[in-house]
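Asks: Listed below are the residues making up each chain.
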Amino acid sequence: MVAALAVIMVLYPVAVVALRSISKEEIGSPLTLEWISALFASARSREALVNTVIYTAGSTVLAMGLGVGLAFLSTRTDMPGGRTIGVLALLPMLVPPFILVVGWVAIADPNAGFINILASALMGSRTTWVSINTMAGLIWMTGLFLTPYVYLMVAAGFRNSDSAMEEAARVSGAGRRRLLFTVILPLQRPALLAALLLVIIMAAGDFIIPATVGLKAKIYMLPSLIWQNHASFPARPGLAAAQSLLLVAVGLLCIYFQRRALSRGGRYTTVGGKGSHPTLFPLGKLRYPLGAFALLFALSSSVIPLLAVGSMAFMRYWSPYALKPENLTWRNFNYMLFEYPQVWPSAQHSLFLAFAGATACVVLAIALAWYVLRMRGKLAGIVEYAMVLPLGIPGIALGVGILSLWILVPGGIYGTLWILLLAYVTAHIPVAMQFVSSALHRIHTDLEDASRIAGQAWAGTVRRINIPLMRPALIGSWLLMYVVILREISLVILLYNPSTIVLSVGLMDVWQNGFYPELAVYSLLLLALGVVPVAVLWKFARFGAD
Amino acid sequence: MNGLSVQGLSKAYGDASVRALDNFSLDFPADQCTVLLGPSGCGKTTVLRSIAGLIAPDAGRITIDGAVVFDAASGSDVPPEKRRLGMVFQSYALWPHLSVAENIAYPLLSAGLPKAEVARRTEAMLDWIGLGGMGSRYVHELSGGQQQRISLGRAMVAKPRAILFDEPLSNLDARLRERMRLELLALRQQAPFTSIYVTHDQLEAMTLADRVVVMRAGKIEQVGSPEEVYKRPRTRFSADFVGIPNLLEATVRSIAGPDLVVETAVGVLAARSWRSDWSAGVRCTVAVRPTLLTVQGEGRSGRVVRSVFQGASTIELIDFNGTQVAIESLGEERHDPGSTVTVKPATGAVFAVLDD
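The listed protein sequences correspond, in order, to chains W and Y.
Those letters in the first sequence? Residues 198 to 743, by the working numbering.
Those letters in the second sequence? Residues 7 to 362, by the working numbering.
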């Protein structure tokens with residue numbers, strides 16, 4: 198039952214998006230191809246298509262370069278501070294992308310950015326060295342935002358690679374460079390390919406950066422245009438659905454190839470003997486320059502923007518001439534936290550959704566993982582496949598699908614917090630499921646059988662044996678769900694209404710009004726709410742598959 | 007009636023044409039150790055897990071101490087936690103998040119016994135398995151042999167109706183395996199309990215069993231005391247499984263009750279059979295254990311093909327007119343390949359004539 202519901206839950210949005218994109222009005226109205234053709238006929242849509250391609254390609258290249266480079270440097274070379282850089286490279290996962298956006302606006306805004314203020318001071322007149330309001334600026338932010346995902350997927354492979362294989366290559370006469378390009382990198386090919394496809398999906402479907410700096414710079418992309426086609430006049434939900442369908446198609450294609458890459462990875466399995474520490478590449482003279490370079494990039498994605506946001510939060514107002522001690526103030530905190538009317542309702546909603554959503558995801562994931570791995574039910578294969586698909590569906594497209602269906606249900610859950618919860622659970626259950634099933638997979642069934650024979654019924658066995666053994670992974674996946682739901686915006690931007698506003702949507706409001714110091718405070722609040730449970734539960738949690 | 011009984015057990019996995027168990031029936035008498043012996047895939051573990059309630063057979067009936075715990079016909083299936091059994095797993099299956107004492111106390115707590123009694127019986131069990139004072143340790147801090155003892159203690163502590171052993175020693179190294187085998191034997195001799203022991207190791211079967219059941223492809227191949235199975239395998243399969251490589255073609259010479267005299271390539275041998283329908287002149291197969299032939303001054307002569315020194319004994323492969331026979335001797339004497347030797351059966355040796 199649960200399994201069938203879960204399959205329906207994750208599959209219907211795709212069907213609804215497809216149906217909506219060929220329906221003239223709401224679903225049920227006459228069919229038409231006008232939206233599909235408008236996809237390419239409308240100049241704005243065509244422009245967005247081209248921009249999305251450039252943006253996706255650029256940020257993918259940047260993220261892959263940085264992620265693979267940092268992973269290699271920090272795990273396989275004698276670069277100083279490799280371990281620290283490894284931690285720094287993963288830190289951005291904890292930092293909401295909004296911090297990255299606000300931080301880089303503070304740093305690189307053409308008028309009031311710190312870099313350009315410095316430039317003006319050095320040159321004597323108003324000078325603009327860098328501008329975040331360009332395609333390059335967007336790519337820079339997205340590339341930094343996606344780097345940790347690449348790092349996470351490839352660093353483990355580098356770290357665990359079997360030194361015997363490399364020694365064999367060296368003995369066979371391969372130099373270091375040859376070793377790198379003929380053995381080390383090819384061995385990581387499945388992981389590299391999987392990371393590449395994941396990053397393409399995430400870049401193409403990214404909402405926050407195109408919808409903030411992108412719209413400000415008038416660089417239109419599909420996700421931001423989908424939002425505009427829904428939210429601004431004249432609304433064209435049919436076109437939005439067609440655009441979503443395109444994103445979904447790309448995403449599902451990537452997921453298909455990613456799964457194939459990972460399943461073929463079997464023949465590359467090289468997890469070697471214990472304690473076989475791979476040899477480190479000596480960098481020679483480049484040791485310190487490369488170390489500094491890596492540190493700069495690792496800091497660029499979390500610490501530097503965080504500092505920029507932090508300093509912006511204390512500024513009375515934000516302009517090229519505002520960087521003076523007398524402009525420092527607590528006023529923004531006072532205003533945002535105690536006077537701004539939206540902040541507490543949105544924080545309450547967000548906290549409720551993050552707690553309930555994370556809990557629901559983990560509980561459902563336990564049930565589904567049990568169904569697939571232990572009961573091996575009839576639907577087990579379908580459930581496994583269905584649980585992979587949402588990974589390829591961008592949040593905004595999922596939002597379109599959920600909206601298009603539930604808007605038709607009179608007096609239903611549309612316009613309540615429950616539809617937001619439903620959206621979050623739909624989007625995030627696959628990741629929770631991956632965590633939980635890998636944890637359940639590691640529990641030998643003998644441990645459960647032993648408990649049954651020792652006189653514990655099924656429920657008691659799950660409670661006394663499975664849950665305690667899986668606890669670190671359960672806490673880890675709960676924290677991940679919590680943090681991701683708290684910051685999530687692309688899903689809910691189409692589904693919220695003023696009575697169900699959440700923190701991330703509130704941030705969009707403040708962004709559109711252009712109150713940057715207030716925005717900084719607001720985004721720090723979002724960060725703090727996310728970090729607190731992570732800090733509290735950190736030591737009880739385990740992340741990732743190993 | 008005490009003890010366990012299974013009747014007509016059948017089980018197929020996946021492809022229904024391949025049966026893991028095929029109409030398997032057997033009684034397991036109380037306080038005896040019955041060893042199910044066979045290669046992997048012969049169905050021995052399926053029998054054990056069916057008795058435990060971990061899998062449901064497709065057909066058949068299982069009773070424990072007279073009470074039906076499984077009956078495919080009536081659809082009754084008592085869950086494992088209600089069958090009051092103990093089980094020792096090959097993987098030990100000790101819970102890593104619980105201490106040694108908590109692992110052992112688990113069945114007692116599950117049975118809802120008062121805390122004081124749980125503590126007392128856990129303490130007593132720890133002493134009995136030689137791990138007194140180690141109750142607060144965690145499982146991963148202990149050696150393989152100690153873990154296996156905890157596993158045994160957990161299986162026995164609640165005084166189950168029977169203890170099921172699923173290849174409990176095969177994860178241990180050879181030396182430890184031998185020690186644990188003797189310890190298990192000592193425990194059973196102290197206080198007999200009903201046990202069903204699954205293994206593919208004939209040495210374990212011979213030492214521990216009151217009764218050995220050789221299994222093949224989901225069916226019983228032979229049942230008997232360890233001595234019977236060892237000395238008088240019924241079939242080629244049994245003979246092979248109890249370590250007899252020499253299966254010689256023979257002709258029956260004379261019959262006196264169960265005793266036969268047969269003519270083989272290595273000479274005239276005294277033999278016995280489980281079948282009684284032999285007559286003189288009939289062809290048959292004799293299982294000849296390599297240790298029951300000796301190289302001596304008189305007897306049938308053959309040519310040495312190979313001589314292998316293996317420490318405690320020497321194995322020599324000898325050719326008798328195209329029939330190659332392995333002979334194992336404890337003596338120091340070895341023969342060069344190509345040399346001719348004469349061979350005769352050891353004094354008093356009676357060989358097994360196979361049914362097939």
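Any given hint might turn out to be false.
For the chain Y half of the interface with chain W, some residues (derived, Cβ under 8 Å), not all of them [unchecked claim]:
(1) Ala62
(2) Gly81
(3) Val84
(4) Ser97
Simulated coverage check for chain Y against chain W, where a stretch passes if three residues somewhere in it have a Cβ under 8 Å from a Cβ of chain W [to be verified]:
(5) 101-108
(6) 119-128
Rather than coming from a laboratory, the hints here were simulated on the basis of the structure.
Even glycine gets a Cβ: it sits at the ideal position worked out from N, Cα and C.
Asks: Decide, hint by hint, whether the structure agrees.
Replies: The hints, checked one at a time:
Interface restraint check for Ala62 (chain Y): the shortest CB-CB distance to chain W comes to about 13 Å, outside 8 Å, so the restraint is violated. For Gly81 (chain Y), the interface hint is violated, since its Cβ never comes within 8 Å of a Cβ in chain W; the closest pair sits about 19 Å apart. With a least beta-carbon distance of about 11 Å to chain W, the hint placing Val84 (chain Y) at the interface is violated under the 8 Å criterion. Using the Cβ-Cβ criterion of 8 Å, the hint placing Ser97 (chain Y) at the interface with chain W is satisfied: the shortest such distance is roughly 5 Å.
Check result for the stretch 101-108 of chain Y against chain W: holds, 3 residues qualifying (beta carbon to beta carbon below 8 Å, three or more required). With 0 residues carrying a beta carbon less than 8 Å from a beta carbon of chain W, the stretch 119-128 of chain Y misses the three-residue requirement, and the given coverage is violated.
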